[in-house]
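Listed in order, the protein sequences are those of chains A and B.
Reading the first sequence from the start, the letters are residues 18 to 243 in the working numbering.
Reading the second sequence from the start, the letters are residues 0 to 321 in the working numbering.
If you are wondering where the hints come from, they were derived from the structure by calculation, not from laboratory data.
Hints are supplied without guarantee of correctness; some may be wrong.
To be verified - Every beta carbon over 10 Å from chain B, so not counted as near; a handful from chain A, in silico:
1. Gly59
2. Arg69
3. Ile152
4. Arg184
5. Lys223
As the list claims (entries may be wrong) - Pairwise CB distance ranges (calculated):
6. B:Ala48 <-> A:Thr66: 19 to 27 Å
7. B:Val280 <-> A:Pro77: 29 to 37 Å
8. B:Trp7 <-> A:Pro52: 30 to 38 Å
9. A:Ala211 <-> B:Gly41: 19 to 27 Å
10. B:Arg292 <-> A:Phe51: 18 to 26 Å
11. B:Asp76 <-> A:Thr66: 19 to 27 Å
12. A:Glu187 <-> B:Gly228: 42 to 50 Å
13. B:Ala59 <-> A:Thr73: 28 to 36 Å
C-beta: ideal position from N, C-alpha, C; glycine also.
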Amino acid sequence: MTSELDRSAAVEKGAVEKSAQEKSAADPAAGRGFPGAGLVKGLATTFKTMTRPAHTVQYPDQPPELPPRTRGVIALVEENCTVCMLCARECPDWCIYIDSHKETVPAPPGGGRDRTRNVLDRFAIDFSLCMYCGICIEVCPFDALEWSPEFEYAEFDIKDLLHEKDRLREWFFTVPAPVALDPGAEEPKEIAAAQKAADKQLAAQKAAEIVALADTGTDGEAEGEG
Amino acid sequence: MGGAAHWWLEVVLRLVVILGFFLVVPLLVGQMEHKAMAHMQGRLGPMEAGGFHGWAQLIADGVKFAQKEAVVPADADRTVFQLAPAVALLPYLVALVVVPIGPGTQVGVALDLGLFFVLAVMGVGVLGTLMGGWASANKYSLLGGIRTAAQLMAYELPMLLSAASVGMAAGTLSLSGIVDKWQWWWLPWQLIGAFVFFVSGLAELQRPPFDMPVADSEIIFGAYTEYTGLRFAFFLLAEYAGIVLLCLLTTVLFLGGWHGPFSAHLGWLWTVLKTLVLSFVVIWLRVSYPRLREDQLMRFAWTALIPLALAQLAITGVVRVL
């Protein structure tokens with residue numbers, strides 16, 4: 018706004034004043050030192066960029082380096098699925114299709130009664146509806162669903178984006194190993210619990226040894242030396 | 000009879016060489032623009048066409064343009080509309096005929112009024128844009144055409160003045176004569192003139208940062224908005240031919256043309272080399288600077304370039320008299 022006013026003022030004033038105005042207008046652009054420093058800086062920047070390697074990747078020839086936890090596609094481990102339907106019910110888009118039937122497992126020879134279990138017949142995700150929110154993966158209690166970084170599954174027809182469980186299983190094989198924790202991060206709960214149990218066991222064993230030593234007394238020591 | 004045939008052969012040969020230069024070097028500059036601009040922006044530019052770093056990109060572009068339909072708007076002035084691309088392109092070819100590439104006879108036609116001729120013909124090239132802008136029956140085209148006209152008016156004067164300074168220094172209007180007379184100390188002597196000539200030449204070609212007449216963010220593509228297919232390609236080719244001619248002229252007038260080590264044998268190589276370096280500068284400027292606004296454009300010409308050109312004329316005159 019002020020520069021506009023400057024300009025209109027400069028038009029009205031004399032030539033001498035105009036050049037003075039221009040100088041003062043050029044000064045902030047130049048930043049420091051001589052006039053035109055900004056222009057030189059611009060040229061230097063583009064030239065420097067030219068001498069450096071490009072930021073782009075030649076995609077089809079060169080696979081992109083995807084970050085861990087990339088949300089490419091949702092993969093399924095069929096064996097882990099208990100047909101609890103949590104994923105299908107939590108899905109905001111209703112894009113998960115699950116069909117199942119009940120099967121009777123006969124009682125083991127030792128006695129007891131027959132039990133029923135759910136068997137998965139169909140598990141399909143319609144990726145034309147999926148919005149990649151990941152809620153299904155979050156709610157799955159048995160880690161049957163995982164994020165895979167695979168992203169090259171475009172189709173010519175939108176109907177072909179409904180993928181059945183065999184395709185979802187294929188994608189499971191592309192799921193990378195869990196990312197290493199950040200340095201100084203809290204231990205995962207499972208490891209912490211296992212460590213705690215192991216520590217407890219070790220302590221109990223040591224205590225038992227000490228007790229045993231105290232019980233045997235000098236005999237034990239002599240035996241140990243002998 | 001044999002002598003006459005020989006004379007014809009030489010003329011044809013010279014014209015073929017010039018036509019080849021005219022068709023190849025602008026494409027070279029265009030490809031350089033693709034690649035240099037891409038790398039200056041942290042990209043790679045064309046990589047697929049032709050296999051090696053997209054060397055055939057412009058050939059592919061040409062094939063594409065040739066396949067496209069040449070549309071003429073219903074309300075357009077057909078003849079003028081169809082003629083405009085040729086008017087834009089051909090003057091650069093004609094001007095090229097009198098520009099010396101090397102010492103002695105390495106010039107299409109050694110014209111005594113070469114400088115005058117080149118500048119006059121270069122001005123005609125801009126008429127093509129004006130014609131296209133007027134004949135398109137499109138308000139954006141018309142705006143672009145008018146902006147082109149305003150720019151031509153503003154920048155032709157400093158260009159002529161700075162070119163006149165060199166003519167004065169050499170005491171001749173023959174381009175070969177000017178290069179013959181050239182000494183290394185002309186470089187600082189004519190420095191201001193070189194700057195004014197190059198910059199106003201850029202403005203006349205409507206190259207960024209002086210591309211207000213084709214400012215795509217406000218008037219689509221100026222006078223070229225309605226053009227398609229080969230006619231559009233002609234306009235583009237004219238732009239690159241214009242770059243080549245401007246750089247060639249700047250080389251010949253201000254940078255000593257073929258002067259350089261081994262200039263007796265490799266003079267033409269020096270001319271081409273200097274031309275290509277200047278073309279790179281043209282591209283470099285395009286990438287580095289944003290577009291000047293219309294009023295800034297006019298102010299720059301009238302309050303900066305013309306006084307500078309006049310100062311250069313005065314300096315040249317004073318040194319000549321001394």
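For each hint, the structure was consulted:
1. Gly59: At roughly 4 Å from the nearest Cβ of chain B, Gly59 (chain A) sits no farther out than 10 Å, so the non-interface label is violated.
2. Arg69: Non-interface label fails for Arg69 (chain A): nearest chain B Cβ at 7 Å, not farther than 10 Å.
3. Ile152: Given a closest Cβ separation of 37 Å, the condition holds.
4. Arg184: Check passes; 31 Å lies beyond 10 Å.
5. Lys223: For Lys223 (chain A), whose nearest Cβ neighbour in chain B is about 62 Å away, the distance exceeds 10 Å, so it holds.
6. B:Ala48 <-> A:Thr66: 19 to 27 Å: Holds, since Ala48 (chain B) and Thr66 (chain A) (Cβ atoms, about 24 Å apart) stay within the stated range.
7. B:Val280 <-> A:Pro77: 29 to 37 Å: Distance hint for Val280 (chain B), Pro77 (chain A) holds at roughly 35 Å.
8. B:Trp7 <-> A:Pro52: 30 to 38 Å: violated (57 Å)
9. A:Ala211 <-> B:Gly41: 19 to 27 Å: At 48 Å between Cβs, range violated.
10. B:Arg292 <-> A:Phe51: 18 to 26 Å: Distance hint for Arg292 (chain B), Phe51 (chain A) holds at roughly 24 Å.
11. B:Asp76 <-> A:Thr66: 19 to 27 Å: violated (45 Å)
12. A:Glu187 <-> B:Gly228: 42 to 50 Å: Since Glu187 (chain A) and Gly228 (chain B) have Cβ atoms about 47 Å apart, the given range 42 to 50 Å holds.
13. B:Ala59 <-> A:Thr73: 28 to 36 Å: Violated, at about 20 Å.
This entry does not satisfy hints 1, 2, 8, 9, 11, 13, going by the numbered hints stated previously.
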